[in-house]
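Student: Numbering-wise, full-length UniProt numbering puts 58 at position 58 of the sequence shown, and it's gapless, one number per residue.
FYI, nobody ran anything at the bench for these hints, they're computed from the structure.
Note that beta-carbon positions come from the ideal geometry of N, C-alpha and C, so glycine has one too.
Any given hint could be a false lead.
Pairwise CB distance ranges, derived in the manner of DEER restraints [claimed, not checked]:
hint	residue 1	residue 2	range
1	Pro146	Gln86	31 to 39 Å
2	Leu161	Phe126	27 to 35 Å
3	Pro105	Gly75	13 to 21 Å
4	Asp143	Ile99	20 to 28 Å
5	Thr160	Ile47	24 to 32 Å
6	Val82	Phe44	18 to 26 Å
7	Leu172	Thr120	37 to 45 Å
8	Ile55	Leu172	46 to 54 Å
9	Gln86	Gly22	18 to 26 Å
10	Ser7	Val82	49 to 57 Å
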Amino acid sequence: MSKPSFSSADFTSALLGLLPRGRVWPKELSSIQAQAASCFAPTFQRISDKAVDLIADAFPGTTSDLLSEWELTLGLPDACTVPGSQTIAERQRAVAEKISAAGGPQRSYYLQMATQLGITAIIDEFQTACVGPTSAGDFLYGDGWPWSWIVSVDTDYYGTLPAATLNCRLGLEAPEYTTVELGFGKDVVQGIALQVDQLFNAINYVMPAAVAGIEDL
């Protein structure tokens, strides 16, 4: 949809309409008065167009002339962005996402950060091992682990620009009292661990039971 605007001819007509009545004030477009009025019309048209543009500039997702001011206010582009690598649309989207972000040390904020880069992530948090919550077979985490957390992504993202950007922004946005790491292939490790567990179960329980059954025949 094109933006509403007035042409130079519209402003020329409006200026002529402001002139007094009388034979000494002809309003035909061929008159000297009309030609003089038409000299001012382009300036009024530019002002009108800028006023219409200001409506779009008031919103971060559509801003154009004030894009740099929006970025300066929000600290964009950040240290994780390669200078000159973003298109106008990407800069507008970055501004809109930054101003709408919930912020703060919240899981949803960091997961949204990954989603904006096209990455599906899982966040793991830890707590010191203690009697009750800890079950047999659980890892025994020490005193420092409650301040550490891991953002796990698929191995397909390893070595990619989105993963590098996410890792950089996690370092910038994570609370200073925490340690965050970007991990790859949690699903692969879990699959291997499951297979090892199944193999251990087969060697130590299934096979001895089967052998004992054969000996009883």
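Student: Compare the structure with each hint and give your call.
Tutor: To see whether the hints hold, each was checked on the structure:
Range check, Pro146 to Gln86: about 37 Å between beta-carbon atoms, so the 31 to 39 Å window is met. As the Cβ distance of Leu161 to Phe126 is approximately 29 Å, the hint placing it in 27 to 35 Å holds. Taken as a hint, the range 13 to 21 Å holds for the pair Pro105 and Gly75, whose Cβ atoms sit roughly 18 Å apart. Separation of Asp143 from Ile99 is about 38 Å and departs from the stated range, judged on CB atoms against 20 to 28 Å.
About 47 Å separates the C-beta atoms of Thr160 and Ile47, a value inconsistent with the hinted range of 24 to 32 Å. Hint check: Val82 to Phe44, Cβ distance near 42 Å, so the stated range 18 to 26 Å is violated. Judged by the Cβ atoms, the range 37 to 45 Å given for Leu172 and Thr120 is violated: they are separated by roughly 21 Å. The hinted range of 46 to 54 Å is not satisfied by Ile55 and Leu172, whose Cβ atoms lie roughly 33 Å apart.
One distance hint, 18 to 26 Å for the beta-carbon pair Gln86 and Gly22, is violated here, with the actual separation near 59 Å. Here the CB-CB span from Ser7 to Val82 is close to 42 Å, at odds with the stated 49 to 57 Å.
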